[in-house]
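There are 2 protein chains.
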Amino acid sequence: MNRQPIGVFDSGLGGLTAVKELISLLPNENIIYLGDTARVPYGTKSHDTILRYAKEDISFLKTQDVKLIIVACGTVSSALSVEPINDIDIPIISVVKPAAKAAINKSRNNKIGVIGTPATVKNGCYERTIKEFSDAEVFSKACTLFVPLVEAGHFGENDPLATLAAEEYLPEFKEKGVDTLILGCTHYPLLSDVIKKILPNTELINSGAETAKEAKELLEKNNLLNDSTSEGTLKCFVTDNIEGFNDNAFRFLGKDFKQSAELTRL
Amino acid sequence: MNRQPIGVFDSGLGGLTAVKELISLLPNENIIYLGDTARVPYGTKSHDTILRYAKEDISFLKTQDVKLIIVACGTVSSALSVEPINDIDIPIISVVKPAAKAAINKSRNNKIGVIGTPATVKNGCYERTIKEFSDAEVFSKACTLFVPLVEAGHFGENDPLATLAAEEYLPEFKEKGVDTLILGCTHYPLLSDVIKKILPNTELINSGAETAKEAKELLEKNNLLNDSTSEGTLKCFVTDNIEGFNDNAFRFLGKDFKQSAELTRL
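Sequences listed follow chains A and B, in order.
Just so we're aligned: the first sequence equals residues 0 to 265 in numbering that gives the first Met the number 0.
Just so we're aligned: the second sequence equals residues 0 to 265 in numbering that gives the first Met the number 0.
Because the hints were derived from the structure by calculation, they are not lab data.
Source: prediction; values computed, not measured.
Any given hint could be a false lead.
Which copy is meant is left open, because identical chains are indistinguishable; a pair holds if it fits in one copy or across any two.
Stated by the list, open to error - Heads up, simulated DSS-like pairs for lysine-lysine below, C-alpha to C-alpha not over 30 Å straight-line:
(1) K121 to K257
(2) K234 to K121
(3) K257 to K105
(4) K66 to K196
So that you can see chain A by itself, here it is in the shape it has in the complex (with noise of 0.2 Å):
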């Protein structure tokens, strides 16, 4: 048993929709969340930059003496399924490998589909992964244009910006015949009612919701769960931007949220 918190980063808010399901999971836990909200977005940037502010993001959470990490952000997995961290001395969880499995059980047709950032459909981690343990037919979009709408709360069922962007990148997978499709970065679940309007058929799978459920077991099977009957925290904090974070925490949250975030400098 372990009373340590769990730590989680995202290059912005996105991450919180992993946190979502963690709370709802592991209701007892501490979180300690950290948004790179000053470098924001890491999906357009390059795979050794991304590398870089991972470790930066990493180091920070190593700070607050967390028992586990959970990479809430598909480009940074994606940048740490090629060139992993191997000097951490704690656990770390990322996206890809739980939404990838999670894809496969849930795929009827073995043919999966994969939306994500520039970076992470460049790295193509989630298709080698779902190779790795199957033999499905995988095929990727890059959806450039659903973080920056979801940052600017273009994400409602009926928002106009938000369906002609969808209408733009998802009709493919129609046409392929994909009946699973990996929501490959933590902000796309806002998206998930407007994704549906174009994929009414398709399982959604959500990447984030994965690795909470990844977590649980690995607290579980290293005896690492708070044993604590109170709620646990959530403190969040980020490197820019406090107010737009407190503004916006609730919608990746799914509900209300108090505690205001702190400022650090990575």
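We have chain A; now place chain B onto it with these hints.
Frame of chain A; chain B shown alone:
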């Protein structure tokens, strides 16, 4: 007479629209360009962070022995209008004042519109500057998605997403009777054709182009023009993603761009 280069910087590629005008007006000048592509965009970040990044950008250009610095970024220009950096010993020109003056000169009905990033519009610098020199009415609107749209290549006259975004942001300028609109972000000139579809009778002020004119005047007045008769050089530095820069720079420059950018770390 002075053969030192002119330094120009922006968060990303947008500032190249100012470089385009600079090359046209001052073909014999050497230009050093810096795009902070590792931290782009600036327009959704806080004042303090924008200012911190701007200081680092300026410090880099000073190492290049420039005779003049052009802040070819509406967001940074706005931040500097509130909090100028005083310890620079070389002239520095920002886009705000030249664009504001050009709009005042162009407008016949004294109703001027301003579009920019969220940070620029929140800052209110264009409005303050216009009021300083005239009694014009000013209407401002943050066009949050214009930068991501341009960066993702969505700026053609018939691009559906760019058109829909313009339809969301711009009709109110027509309703207010605005006859002159400042493109308060150096990315926006690429959207001119899209903007003109919504506001066909509105004069568009290209803030980068106006700033290039002011740069020419300043160099003339201070006897700092390059007296060489050979064509000037353009040397570009980026903090990330050289490939993306080289692939897209020509769109902003309006001509082929053969030199490769160099990577620098700020």
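Outcome of the hint check:
In this assembly of identical chains, the alpha carbons of K121 and K257 lie at most 30 Å apart only when taken from different copies (25 Å versus 38 Å within one copy). With identical chains, the CA atoms of K234 and K121 are at most 30 Å apart between copies only, with a shortest distance of 28 Å across copies and 33 Å within one. Proximity of K257 and K105 under a CA criterion of 30 Å is satisfied in neither setting, with 36 Å inside one chain copy and 49 Å between copies. Proximity of K66 to K196 under the C-alpha cut-off of 30 Å is found in neither arrangement, the shortest distances being 40 Å within a copy and 56 Å between copies.
Violated hints, listed in ascending order, are 3 and 4; each of the other numbered hints is respected by the structure.
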